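K.L.:
Each chain, letter by letter, is given below.
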Amino acid sequence: MSCLRVQTKAFTKGFSMPLTRLFSTGPQLFQAETDTKFTDFGYKQVPEADKEKLVHGVFSSVASSYDVMNDAMSMGIHRIWKRHMINKLDCGMRASSGEPLQFLDVAGGTGDIAFGLLDHAKEKYGDTQSKMIVADINADMLKEGERRSKKTVYADSPRIKFMVQNGEKLDAIPDNSIDVYTVAFGIRNFTDKQAGLNSAYRVLKPGGIFACLEFSKVQDPVLDYFYQIYSFSCLPMMGQFIANDRESYQYLVESIRKHPDQETFANMIRKAGFYVPGKGYENLTFGVAAIHVGVKL
Amino acid sequence: MLSLGQRFSIQAKRCLVRSFHSLYHTEPPIADPSTLENKILSKAYTDFVPKEGFTEEAVNHAAAAVGTNPSTLGAIFNFTTPSRDMAMELALYHMKFARQEMYEQNKEAAGKMFNEKDRLQFYMTKRLLLNEPIIQHYHQALGRMILPSNVSESLKELHNLADDMSYYAGDKSTDFAWYSKRFAVAGAIIQSELFMLSDHSKGFSDTIQFATDRLQEVNTAGRIYNSFEEWIIFNGISTLNMIRSQVARG
Chain L
1 MSCLRVQTKA FTKGFSMPLT RLFSTGPQLF QAETDTKFTD FGYKQVPEAD
51 KEKLVHGVFS SVASSYDVMN DAMSMGIHRI WKRHMINKLD CGMRASSGEP
101 LQFLDVAGGT GDIAFGLLDH AKEKYGDTQS KMIVADINAD MLKEGERRSK
151 KTVYADSPRI KFMVQNGEKL DAIPDNSIDV YTVAFGIRNF TDKQAGLNSA
201 YRVLKPGGIF ACLEFSKVQD PVLDYFYQIY SFSCLPMMGQ FIANDRESYQ
251 YLVESIRKHP DQETFANMIR KAGFYVPGKG YENLTFGVAA IHVGVKL
Chain C
298 MLSLGQRFSI QAKRCLVRSF HSLYHTEPPI ADPSTLENKI LSKAYTDFVP
348 KEGFTEEAVN HAAAAVGTNP STLGAIFNFT TPSRDMAMEL ALYHMKFARQ
398 EMYEQNKEAA GKMFNEKDRL QFYMTKRLLL NEPIIQHYHQ ALGRMILPSN
448 VSESLKELHN LADDMSYYAG DKSTDFAWYS KRFAVAGAII QSELFMLSDH
498 SKGFSDTIQF ATDRLQEVNT AGRIYNSFEE WIIFNGISTL NMIRSQVARG
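Chain order of the listed sequences is L and C. For the first sequence, the working numbering assigns the number 1 to the initial residue and increments by one for each residue that follows. For the second sequence, the working numbering assigns the number 298 to the initial residue and increments by one for each residue that follows.
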């Protein structure tokens with residue numbers, strides 16, 4: 001078992017960006033700018049101020065081929081994960097309640113989760129009043145979602161609003177105004193994830209639900225070994241062939257690896273102030289992805 | 298990152314958590330009142346079940362009273378429970394709450410009794426009487442629990458109840474009787490609860506009599522089994538010895 005772990009490490013290191021500079025000016029260079037805070041951008045360390053721009057670049061360049069790539073990389077499983085999360089959240093105005101829900105889907109550029117949640121509410125509870133805000137920091141991704149909404153029943157509907165918003169701040173969203181906050185495959189790209197969780201706590205009404213679908217850590221070391229092989233060798237290559245963009249997908253796999261594991265992330269959610277039911281997460285496909293939930297009390 | 302040793306020690310600790318209920322009979326709160334789920338269910342159970350029965354509406358009203366939104370209740374429950382059925386959760390809450398109360402309210406009185414049979418009898422009576430406040434809605438709860446999709450959770454809870462009763466009554470069996478006792482007690486519980494649904498006698502005295510008879514049958518069956526076992530062993534050995542003696546004579 002242990003030798004396998006060592007192999008995995010060596011393997012991932014081999015395929016990653018170099019972590020340290022091998023020439024000697026590196027340390028001096030860092031010394032000169034000691035007040036700059038650094039954060040991870042995949043395996044690279046970049047100044048905090050730059051990450052937003054870099055992530056923006058990644059998603060602007062993948063916006064058009066985003067869905068084709070998602071389907072190719074996950075072999076369609078990402079649709080099942082999203083559907084599973086929507087079914088489990090099981091949100092929708094109950095007939096006896098009379099109070100429409102206000103959803104907020106952060107980093108929901110393409111609108112998958114947003115349309116899914118509204119569809120579920122309508123199909124299961126006959127809810128045709130609940131509203132949705134789709135927020136994304138990237139205007140290109142948001143445009144993709146708006147374009148797609150034209151093909152659904154929500155085309156030009158007053159029930160759905162698209163907003164360019166930074167998920168860490170959510171400036172335009174008032175405190176205590178949201179019933180259900182969802183973020184699917186987005187929080188990984190936040191510069192300060194804790195700040196993102198804190199803003200989620202701020203905008204939610206008391207009793208509101210926070211739900212996050214994100215890549216996580218495969219729990220079984222043997223499966224994890226093969227998963228790492230797949231993600232570090234196949235995914236950037238697929239990115240190169242299908243979307244003609246190796247760098248973006250190299251960032252994608254590295255950022256997945258850098259994202260905190262299930263327990264750590266559940267603790268970050270607790271730290272933001274949420275009540276977490278049970279252990280706080282559900283693993284999907286051996287932990288390749290996980291759904292985290294929290295309740296604002 | 299944990300070292301390999303640490304990992305193993307964590308796994309070893311996990312193994313220690315009881316897989317056999319009564320060998321490590323720890324006593325965590327059965328219906329833990331600190332979790333939000335149980336707060337909602339407890340509110341529904343005490344305030345709304347008497348009026349509305351074991352229904353989804355009762356849970357919805359309780360959720361609103363506790364300060365959560367009934368329209369998003371699924372998100373709170375579905376990640377921790379397999380049923381996805383609020384009425385079932387409420388029925389299970391009754392089972393857990395009553396099981397907890399059965400022990401908490403009566404452990405001192407039970408401690409003064411001398412034999413296992415009396416204690417079992419005593420706990421059984423007390424547990425049945427805990428159904429009294431909700432008895433006019435209890436058929437809904439039983440109906441929910443025997444739905445095919447819910448039956449495995451219900452059986453688990455039935456086993457927990459039979460196990461707790463046997464354990465607190467003082468069962469120390471370490472052989473196959475461990476199973477047969479629990480099976481027999483579980484059977485007696487189900488029969489008595491069904492009997493109780495249509496019992497109109499004062500203070501449910503008929504139900505208590507019925508339960509006493511069922512437990513008496515369990516005891517009789519146990520004695521028959523033991524006597525039969527003894528008889529078989531005696532005769533087996535005798536037969537063997539007789540054959541041996543005949544063979545030795547040539």
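Wrong hints could be hidden among the right ones.
No farther apart than 20 Å at their CA atoms in a straight line, the calculated lysine-lysine pairs in the PhoX-like style are these [as the list claims (entries may be wrong)]:
| no. | chain 1 | residue 1 | chain 2 | residue 2 |
| --- | --- | --- | --- | --- |
| 1 | L | Lys51 | L | Lys37 |
| 2 | C | Lys336 | L | Lys279 |
| 3 | L | Lys205 | C | Lys499 |
In short, the hints are calculated from the structure, not lab data. Every value quoted in this text rests on a predicted model; they were computed, and no experiment measured them.
K.L.:
For every hint, state whether the structure bears it out.
P.N.:
A quick look at each hint next to the structure:
no., hint, in the structure
1, L:Lys51 / L:Lys37, "11 Å, holds"
2, C:Lys336 / L:Lys279, "17 Å, holds"
3, L:Lys205 / C:Lys499, "50 Å, violated"
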